[in-house]
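Given next are the chains, with one letter for each unit.
Protein chains: 2
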Amino acid sequence: MSAVELIQSAKNASGLLNRASTSQKNAVLATLANLLEANASEIIDANATDLANGVQNGMAVGLQDRLRLTQERIAALGRAVLDIIALPDPVGGVVSGKTLANGLKISQVRVPFGVIGMIYEARPNVTIDISALAIKSGNALVLRGGSAAENTNRVLIGLVKSALEQHGFSPDAIQTVDAFGRDGAKAIMTARGLVDVLIPRGSANLIQTVVQESKVPVIETGDGVVHIYVDESADLEKAVPIILNSKIQRPSVCNSLETLLVNQKVASKLLPKLAKGLAEADVTVHADAEAKVLMPGAEPATEEDWKTEYLALELAVRVVADLDQALEHIAKYSTRHTESILTEDIRSAERFLSEVDSAVVMVNSSTRFTDGGEFGFGAEVGISTQKLHARGPMGLEVLTSTKWLVRGDGQVRS
Amino acid sequence: MSAVELIQSAKNASGLLNRASTSQKNAVLATLANLLEANASEIIDANATDLANGVQNGMAVGLQDRLRLTQERIAALGRAVLDIIALPDPVGGVVSGKTLANGLKISQVRVPFGVIGMIYEARPNVTIDISALAIKSGNALVLRGGSAAENTNRVLIGLVKSALEQHGFSPDAIQTVDAFGRDGAKAIMTARGLVDVLIPRGSANLIQTVVQESKVPVIETGDGVVHIYVDESADLEKAVPIILNSKIQRPSVCNSLETLLVNQKVASKLLPKLAKGLAEADVTVHADAEAKVLMPGAEPATEEDWKTEYLALELAVRVVADLDQALEHIAKYSTRHTESILTEDIRSAERFLSEVDSAVVMVNSSTRFTDGGEFGFGAEVGISTQKLHARGPMGLEVLTSTKWLVRGDGQVRS
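Protein sequence lines, in the order shown, are assigned to chains H and X. Quick note on this note's numbering: the first sequence kicks off at 30 and runs consecutively. Quick note on this note's numbering: the second sequence kicks off at 30 and runs consecutively.
Just chain H, same shape as in the assembly (with noise of 0.2 Å):
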């Protein structure tokens, strides 16, 4: 079958998984948790010839990372896989409604998508992921993974369809089209009136990609040059941790801070006991010149820095005069993916939160909250850092769309 063909046979099959109710969905993903567990070693084994290759192909040893399958981290797929189990099902659930004068009742209702395409790297957690989010919100789907995880994904992508397959559904509806490359994933994007909505997950550069590329709407999962703002009447013993765990506890990740600007007024109180937490925690500091003078052994910020989404041990650092200053260079630098404000003057918060056009806008909290877990959605999908449809961590609705349904006794329009 061509990548096309596939994508077909995917759309084909999504109309009974559509309708499916919450119980049988729920009996695929406790299905798919039993399989997880009963094959981990066929899982190790094909993760072990895709590391083995990327090893060969000078794979670096933070993406071998994210590649490796082991047993703790197959059972916690599977817990994963259960928690989705206790999720409510966002299908069916009426949005809005009314009776119109005319007599005719209208009633908006969630529906599945119909067919989600996911373009992502070489990171299985994530096809398994996706598959319970998707089977769970009745949704089928076609995933273009990494190459470099083609084995793993398709011991996977096999354990996905025999659960379904055991419950009546058609192993069709879910389909990789990681055999055809760069072509497959060209297909996805390019199958309008198939695929209903396509998520790139990855680095910047994929996501950009297929933000430029798609013909099929986009859900964007952006980048985040995160900032923090120390106003003047900001609590410094509330500070320093919240810059700290913004910076340190996860660095890898998008809702981590990149950027601290810090009023005039108190960076000389707060930059040097901060700089010394930095320094303990081996993060390097880019400062401007201001804060330079402040923190002993920074390295002098250039433009570059204060675009730059590190990722890593490094933060950029500036002194502003004041949150006016702070504003235009959230507007001009931002992602609008997360900013937070330290300060105990109310009006400068309501108007950071007013102001500030991020995803999530914060006020004396780490940045690091950012998160569908921490926000209670019981499931991750990404965090949306475009406006459209979904904006910031995005739960199992953002899966669905509605439909209007209206039911009449022979009304006619006058």
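One thing to keep in mind: the hints can contain errors.
Lysine to aspartate or glutamate pairs mimicking DMTMM-like chemistry, simulated, CA-CA at most 25 Å apart [as the list claims (entries may be wrong)]:
| hint | chain 1 | residue 1 | chain 2 | residue 2 |
| --- | --- | --- | --- | --- |
| 1 | H | 244 | X | 242 |
| 2 | H | 244 | X | 252 |
| 3 | H | 127 | X | 379 |
| 4 | H | 127 | X | 373 |
| 5 | H | 134 | X | 426 |
| 6 | X | 134 | H | 264 |
| 7 | X | 127 | H | 438 |
| 8 | X | 244 | H | 150 |
| 9 | H | 294 | X | 426 |
| 10 | H | 127 | X | 71 |
| 11 | H | 244 | X | 338 |
| 12 | X | 298 | H | 438 |
| 13 | H | 134 | X | 374 |
| 14 | X | 134 | H | 374 |
| 15 | H | 134 | X | 242 |
| 16 | X | 127 | H | 379 |
| 17 | H | 215 | X | 242 |
| 18 | X | 294 | H | 438 |
| 19 | X | 244 | H | 252 |
| 20 | X | 244 | H | 264 |
| 21 | X | 127 | H | 150 |
| 22 | X | 267 | H | 252 |
| 23 | X | 336 | H | 266 |
| 24 | X | 134 | H | 266 |
| 25 | X | 361 | H | 374 |
| 26 | H | 127 | X | 118 |
| 27 | X | 134 | H | 379 |
| 28 | X | 134 | H | 384 |
If you are wondering where the hints come from, they were derived from the structure by calculation, not from laboratory data.
Model the placement of chain X on the given structure of chain H, informed by the hints.
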């Protein structure tokens, strides 16, 4: 200024409008309504120039009518602007929210998109409609109207700018790129980061071009190959008026009926009676072999007819074996806008509602009710045939996104 600079200036002006209060925005709208009335003769003069150019260029009579503004039409536009004042402001509405276990208070609130783009044809009423909707929803606006309405639009946009300016907003918050022709449209479609959402309105051809070429997220307002299926259990006394209303009441719009599917068990009773009503309204019928026998004067239907949105007094008619075959036909040929089943059988009704994958699915209702006004939205941005963000008739809320506000007191993630 270049087209990109004009768009950038709208972006720069958007912040103040994004954060405007409801009363500020309503004041702008009230002024706009007054300006329309006070400047009717200037509008009509500019419109006369456009019409004269249109006649010279051989513009079709129907298009001339859409382009024409009269004293009465300008008065109606003003009333429509005043109606929008009465609508609830979607901005600031809290969509969801809670306090997390760690004390963080999170809330998801409606915010304006920022800058909305619209590409449309030579219908100057759209210029005022979308301007009023954008102002009410706090959005800046970049317009590319049909070149044939350029003079009229220049005057109308001047009035909108004046209304904004009189209330302390920058006139840059509404811009037209008409002066740049096709390059203006291209500038909007590639303005990622400046334009947040793009809404094309007009012919299927225009919309598909925008959908295919735009790098900015698009809301697709689509064409309607709208179906009615007459079930074997249908009440034929109700069926005839519903079908005639759906086809005849306003054939030029997207929610009018294009293809009628009739269960073979009721074809011989329904079709002769229906043929009479259709003939009286001068509707040309394109019938399949079985229907043709029952409908004197019908032309034979071709494969092309099933795919055609006539937008005229023409109707395709097919006799089907049963509901299954009707669902198959709809799945194959529908543009997923609106479909209606006529039936007295609750099982057929529920199956149709569940299995038809269209924006609006109806039982025993004229398809003409798929309309923002009829649904009680008070304003109509268009009818979305895509599944992302908005589906079906779109009201003011469609012009908003959301953002998450997080209020903490020093929380860090462990």
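Violated constraints from the hint list, given by number and in increasing order: 7, 9, 10, 15, 20, 21, 22, 23, 25
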